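When you get a sec, could you build the whole thing from the sequences and use the hints?
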Amino acid sequence: MVASQSMTAGAIASNFDTARPTVSKHLQILTECELLEQKQNGREIYYYINAKKMKAVADFIEPFRKMWDDRFNKLESIMKQYKSKK
Amino acid sequence: MEQKTKIHAEDGKQEIVITREFDLPLELLFKAYTEAGIVEQWMGTKVLKLENKKHGSYQFETTDPKGNRYGFNGVIHEFNMNRKITRTFEMENAPFDAQLEFLDFERLTDNTSKLNMHVIYRSVEVRDQLLQLPFAQGINMAHTRLEYIVSKLK
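Protein chains in written order, with my numbering: chain A, 1 to 86; chain B, 1 to 154.
Since the hints were derived computationally from the structure, they do not count as laboratory data. There may be inaccurate statements among the hints.
Estimated spans, in silico, between C-beta atoms of each pair [stated by the list, open to error]: (1) A:31 x B:108: 43 to 51 Å; (2) B:53 x A:14: 52 to 60 Å; (3) A:11 x B:152: 23 to 31 Å; (4) A:66 x B:11: 16 to 24 Å; (5) B:69 x A:24: 33 to 41 Å; (6) B:17 x A:37: 31 to 39 Å; (7) B:35 x A:18: 41 to 49 Å.
In the SDA-like style, the derived pairs of lysine to any residue whose C-alpha atoms are separated by at most 25 Å in a straight line are [unchecked claim]: (8) A:74 x B:137; (9) B:114 x A:81; (10) A:74 x B:8; (11) A:66 x B:80; (12) B:4 x A:68; (13) A:25 x B:142; (14) A:66 x B:69; (15) A:66 x B:47.
Remember, it's a predicted structure, so these values are computed and weren't measured experimentally. Cβ atoms here follow ideal geometry from the backbone N, Cα and C, with glycine treated the same way.
Laid out in structure tokens, this is it:
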């Protein structure tokens, strides 16, 4: 959500079934980990994603690569067995 | 350790290239793509139809642990034994258009081979959405975990 735009805690919370204080706690933890950054705008605090830090935590493509890597590893081991059976 | 499967995805392009070198002779690698029983094993899917020929088509179906079925299908545009498969790929009941796939198989040595998979999507947006699907699933799991940890803090 916050990847596409900065949002207030209230706007973020309205997307979850979780209680508002729980969401605030999540945001606090994510901010402490520097995954989210805060920006004061009048009375509201906006949260936005720290893309650099996110990149460090998980490359967006890595899970996709891992999925194919797992498949291909399986292919390789199946075909090695297939070869030895023949 | 060097990663065996590589993904090349440039920003702002509607294509990706997946490459992988196998510890397998070319013929065995190619067979893994053409024999239904073998495809079922490594793709973890049921093969309903697999016609390895020009103008042929294929149809796969996977079932998740909850029993939901997901269909995939496509048309074979070119079939060149031990060399190349050009095909389309489409997820059924999904908001994504079909994608075009060029699979090039290459012999490296008697016992090693390489697969080059070039995939072209309808748009940059569709490509990025599909690339992020496994990432999004991972985030959901992380969120559930975070929720659990936070609930213990309370």
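Q. For which of the previously enumerated hints does the structure constitute a violation, in increasing order of number?
A. As far as the earlier hints go, only 11 is violated by this structure.
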